[in-house]
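Going line by line, the protein sequences match chains A and B.
For the first sequence, this note's numbering gives the first residue as 1, with consecutive numbering after it.
For the second sequence, this note's numbering gives the first residue as 1001, with consecutive numbering after it.
Check the hints yourself; a few may be wrong.
Claimed, not checked - Where chain A lies over chain B, by a calculated footprint (3+ residues, C-beta under 8 Å): (1) 1264-1272; (2) 1275-1285; (3) 1289-1301.
Bear in mind the hints are in silico, worked out from the structure with no lab data behind them.
We put the beta carbon where it would ideally sit given N, CA and C, even for glycine.
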Amino acid sequence: MPGESGITYDARGLAEPDADVPKISDIDDTCATFDAADLTTRQINLELRWLLYENGITDVTVRNPGAKHSIGVGILQRCRIRFEGSLGYFGCGLIDGPEIVIDGRVGWSVCENMMSGVVEIRKNAGSLTGAALRGGDIVVHGAVGARTGIDQKGGTILVLGDAGMNNAFMMQRGRQIYCGDVGPGLGDSMYDGAIYVAGKVTSLGVDCVEGEVVDVDHELLERKFSIYDLGSPPTFRKFVCGRALWNYDNLEPNERKLVL
Amino acid sequence: MCGIAGIIHKQGATADIGAQMTAMLQSMKHRGPDSTGYALFGPSADQIVIRFTLGDGHDGRGFGMHQRVERDRAEVESRLAKIGATVDRIEGDTDYAYRAVVDYDGDLKPLADYLEDVKGCEVLSIGHSLEIIKDLGDAETVADQYHLAGFDGTHAIGHVRMATESDVDISGAHPYWAYPFNDVAVVHNGQLTNYFLWKRRLERSGHRFQSECDSEIIAVYLAQKMADGLPLADAMHESLDELDGVFTYMCVTADALGVAKDEMAAKPLVLYEADDLVAMASEEVAIRAVIDHEIDTSDPYERQVLVFDR
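Isolated chain B, as found in the complex (with noise of 0.2 Å):
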């Protein structure tokens, strides 16, 4: 089943949004407990922040666990430096995932390529504001694991996964980072048909899927697009006809948040518009969590694409 859900402060304005993103994913609790991601965009900066995990964490702790993963740390580390980036720091919430804010200018592929071929290595996400946090439990539980409240930032979105299509771990849930290219991020409920078509093309011109999972492509798909010149908007309306299944997708840039229904509006979809910011979910549970006073809320209809800028 699945819940995404997504915020956007307006006219460049910041909120807590760690936490207004915990209160919409736990009250979509029931639509999917196995695993919650968020995609948050801070204040953008020079430098660049790389959320990357070493192994599950929920598998294989076995003896020298923790041996292994300090050594990989290091050789990730080791690995930033002989690839020209300054490590300003790395942090980890937890022994397996980390959180490092380097300076680098070069491209991103080689960098991400280069840190992943550390064994049990996965890149989540790179950007200037975007981090991509996900693990196993609800909203609360992997808030409370990574310290998201008092996260300031302009938008995020956020996916709680009921599994079907791909196993239960980190690198099945969502939100999916665009590899190879900065501060992009999808959340995705639905299934896609054409999956294994667009992953072939896609790998063809050189991309990586880091999981078994449909909703992967549809981050690299669009941001490809936007790449290749197209406005998100654009790329999204491409993806209506391209895209095979059903879906309700969000998408994050550092300016924008997008979402798009298929053409049998299939997926459900809850909108709320108000003159200082955004919200929508898979459940208007999840707006009234964040939004104290009455609303008015609708139901975008089928091969509508919507797109609002921060």
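Isolated chain A, as found in the complex (with noise of 0.2 Å):
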């Protein structure tokens, strides 16, 4: 990228200051292929944009991306792009409008900061999987980690096997509709949104309460399992925020002294 070559001399040799666009994919019309797996990390991004920005193609396929870290991030227009393997940490992070499969698994923090687009995992998630997620969905075949949606601002995070500990934590907005079991401290300090699961529940976090499933509820539940091409979504219970930690409208002591 222009204006990204400002470091000269890295002592331990992790970064990649003088990489170049390897312009090695098959392109076929609006379609384009590339094997990654002599790639680094930096080379993969470079030519994902080279295709997507400069290019005008719409289709991407990356083969052998070989669980690298930090693939497919900060993409900002719509396209369509399949990951055929899988992804290391921080995969697809900071996109907004991508419809993304990966066909493989995903480690920590995938979609962080994802404005908008879908990514649909087929294999198992890592730990904090869309963590301060904005907007768009998430699907994900397999099982989740720890901490899913922590802060999520937005959109939908759909996880078809269980998960881990702490899931929605500080969550904000959005929601998370969970098929299988949930580890402990579901929903802990949540402010707002709903999380949807329709196995066990370990236990519930500070401030978390189950809610009546009423018929947007339902609604929703099944737009989304037909737009996933999932059947029809099991039982599911609901939970949300207790506000009982909602202190919006009160004044500190010293605060309302300036008040007054």
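With the hints as a guide, bring the two chains together.
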């Protein structure tokens, strides 16, 4: 990327200050495919950007991503990307618009701060899936680790397998749908949003309570299941914020003095 | 940050675990370039292998260093003889790290204490099949230096270190041998907050700690429990309640490889389980460094303890 070559020396040999776009893709009209086995993280991301931003490609297939970290990040336009293999940590973070299919597992913090789009993960996901998610859908066909959707501010996370502990920690908006069992501390300190669980809940976190599943919820669940071709949804319980920790209208004593 | 890795071949199969562990650790170099360590299990023998260092080798290489090390080495050899160990051979891959093969059937504690009484001598491991190799630099540097490619064995753990709690030197590098119990070693990713409490407790029961590193207590803690009669899995379960802090650690014994995660699931671990082997690491790239086909991996959950037998 222009303007990114500020670093010229890296004593630990870990950064790639001088990576060039490899330009190795097979391009067919608006589709492109490339093999990432021998490419570094930076080269893969440069190749993706080159295809999407400079060649008008809308459909990219990446073969052998090899569980490398930080792949497919910061893509800000509508497109389709398919990863044939696993991604490492921080995959597909900071994206706005793409529809991504990952035919493998992902490590920690996939889709961190995603703004919009769809990411479908065909196998398991690590912890912190969809951390600070702002919008869009994340569908995980396998299990997820701990702290899924921590600080979530919008969008939907749909998990077909089990989940670890402290999911929806400090969640502020959006929805989480778990078809399997979830670990302890579900919805701890959540502000708002809704969590749907079809399996067992080990324990609820502070100020997370069970809510009533109403028509709007059924409509949402059926819509999401039909979009992703998942059949008819099982029976879900719903968990929401108990609002016992809400203190938005209460002023601190010294603040009150100022107001008076 | 640190990165840890483990691999165990099942049904008694052996492989070039030296090369495999090097590939796994090298792929995680970005998690810790300060030092790299290996705990490798070769074929079990009647003889005992002692890995020890004489001085760090990375500082104080002043005038007369060579003579001093040579004198200390001779002293170690004579002390081995005095305590009743028959020295088969002593080899040195560097001028400060040695590997002694001895016949000895006595208690290991007096042996280790007697050797470490030589100034600058640190015993890295003692065992019938365990060998701990650790030094500064990345995995390939250490593997080249110690000729680890071609080390056949059944299971291994390794560690790449980003030093946060103590110095960058060999004694601060993982894995840690569970002094004075043979064939037990531990690697750890995380921090222990009740380290001093356990260090004092274990020191009162006569154990010595060679480093200021919090991870060293895990090895001794587990080995003590096993010596008291607990199976490895039970000892590891107890550690979840008795050790405070964040951790994912791996423990190896002559027959098994165990891994435990703390109650907050704060440190990463990726697990790959197949019929013929189990591989695990802080990152999936490390597993893919030794498996050449598409695989399914998973993340163990909080408070999970898994033990795999060879």
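Okay, the hints, checked on the actual structure:
no.	hint	in the structure
1	1264-1272	holds (count 4)
2	1275-1285	holds (count 3)
3	1289-1301	holds (count 6)
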